[in-house]
Amino acid sequence: LTTKRKIRANRANARASTGPRTVRGRARVARNAFRHGLSLPACSNPAFSKEVEALAREIAGPDATAEIQELARQIAELQTDLSRVRRARYHFLSDCLSDSHANARMKLKFIRRLAQRKEPDISIETPEKFLTSTRQGSHKLALILSQEAKQLLAMDRYERRALSRRKFAIRAFDKAKASLSHSR
Amino acid sequence: MSRKDRSKAKIATRSAPGRAQRLAVFGPPLLLEGEDATAYDELLSRICAAVKPIDIVDEIFIADIVSLELEVLRWRRSKWSLIRAHGLSELEYFLAGKLDQDLYFANYVDHVVRFLEDNLPEDEVDSAQTLADKFVEGDKDVFDKVIKCFPIERSVRQVLDDARADKAKKLVQEYVRGEREAVTLINGLTDAGVSLDTFMTEALREKINDIERIDRLTAIAETRRNAALREIDRRRAVLGETLRRTVQDIEDGEFEVIETMPAKGKNAA
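Protein chains in written order, with our numbering: chain A, 1 to 184; chain B, 1 to 269.
A couple of the hints might just be wrong.
Claimed, not checked - With a straight-line cut-off of 20 Å between C-alpha atoms, the simulated SDA-like cross-links for lysine to any residue are:
| no. | chain 1 | residue 1 | chain 2 | residue 2 |
| --- | --- | --- | --- | --- |
| 1 | B | K207 | A | A149 |
| 2 | A | K167 | B | V238 |
| 3 | B | K170 | B | R114 |
| 4 | A | K150 | B | E212 |
| 5 | A | K175 | A | E58 |
| 6 | B | K169 | B | K148 |
| 7 | A | K150 | A | V85 |
| 8 | A | K175 | B | A227 |
| 9 | A | K167 | B | A237 |
| 10 | A | K175 | B | R234 |
| 11 | B | K170 | B | V109 |
| 12 | A | K167 | B | R234 |
| 13 | A | K50 | A | V85 |
| 14 | A | K167 | B | D55 |
| 15 | A | K150 | A | S39 |
| 16 | A | K150 | B | V72 |
| 17 | A | K150 | B | R234 |
| 18 | B | K148 | B | N119 |
| 19 | A | K167 | B | P53 |
| 20 | A | K175 | B | R180 |
| 21 | B | K170 | B | S195 |
| 22 | B | K170 | B | D100 |
| 23 | B | K207 | A | K167 |
| 24 | A | K167 | B | E181 |
| 25 | A | K167 | B | R230 |
| 26 | A | K167 | B | D58 |
| 27 | B | K145 | B | E124 |
| 28 | B | K52 | B | L243 |
| 29 | B | K169 | B | T184 |
| 30 | B | K98 | B | E181 |
| 31 | A | K175 | A | E67 |
| 32 | A | K167 | B | E222 |
| 33 | B | K148 | B | Q158 |
| 34 | B | K145 | B | R114 |
| 35 | B | K170 | B | A96 |
| 36 | A | K167 | B | L239 |
Stated by the list, open to error - Sample of chain B residues at the chain A side, in silico, Cβ under 8 Å:
| no. | residue |
| --- | --- |
| 37 | G27 |
| 38 | L32 |
| 39 | I54 |
| 40 | I56 |
Derived from the structure by calculation, the hints contain no laboratory data.
C-beta atoms are modelled at their ideal positions from N, C-alpha and C, and glycine is treated no differently.
Generate coordinates for the entire structure from the input sequences, incorporating the hints supplied.
Structure, rendered in structure tokens:
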């Protein structure tokens, strides 16, 4: 059994050594687990609030009731979430297509294979040709898709969730509008 | 404003006034390197014309349909490109094993000339072509001199293999461009029980895992596109129902209850 004295000592020691103490340091470690932020809703980021408000106003239309405005806001938030996921995936694919990371990984894999097999017969020009080659267009995209499928499918989960939630938000909005027009 | 923004704004202005501003809310179209912005605009205007959006929610679905349709086309293109590139490289490999020496002889000479130009003293570079011609004809006087110019790891056999592979590659490129000479030659060589389809099938077999991944992405995009179309249908049905009710209410309001009045003549009777 841990004694009370030991518990007190542990707690005191822990308080004395729990990470950064400055505001800047704390702000920095607060983002340690942050990867892409796609699991956070758009409303949690003030940068997106303007976008959400503009879209919500467009969806609600003029002279909207408070209920319609609220439902329109939900749609706008989910649409913004969806756009963020799609933009993240687009930037990911664009980066892979434009920079040489994907090519570099492919080439490293080739060098490793070559080194493991230790082929004395292979001509010097074969690796030279491969290492200096760059794949273009759809073929390059196909290779990226095959290599980065895991990452793309992970992003797809966020898109699926946002799409599903948006669908139900739109249905609720349509229902509210229909009952409103009927009651008038 | 970027080129993509402009094109989207242009098409939106053309199709309906005031829509440009609304579509800007969705952001620019997400086109990858080498994709055509006009194809996006064309698709958007055709779908807008067909669906005739009644509000911004319809436009949200239209934007979804267009981007998902482009995605479907993008993945299909990638899949075809992967199979084709792999099939053509199989054809190249097959051809390299079937080419007669006279077909790739010129490439062999070119390789030798290149080695000589890289390694001969500067004042002898002009004689590279002559030396190479004599070497490939088997002139013993120039043999040692030329062999010394070969890279240390290359034998004559390997240089011949390289020349053959180069020729095969060039032939496949000409075949892809549809040049008649290459098409005839390759069709002649592949007559022995093999065709381009054989190589494509081989590519499909070898790349089946990559193809399955692309097919999965295509299926996801198709399902979502169809779901967006169904949502537009559902909204149309809701709109139709609302309109029916409204019309009914208006008609009900127009009706006047006419009280039955006894006819004068009938009472007298």
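Hints that the structure is at odds with (numbers, increasing): Numbers 6, 17, 20, 23, 24, 39 - these are the hints that the structure violates, sorted from lowest upward.
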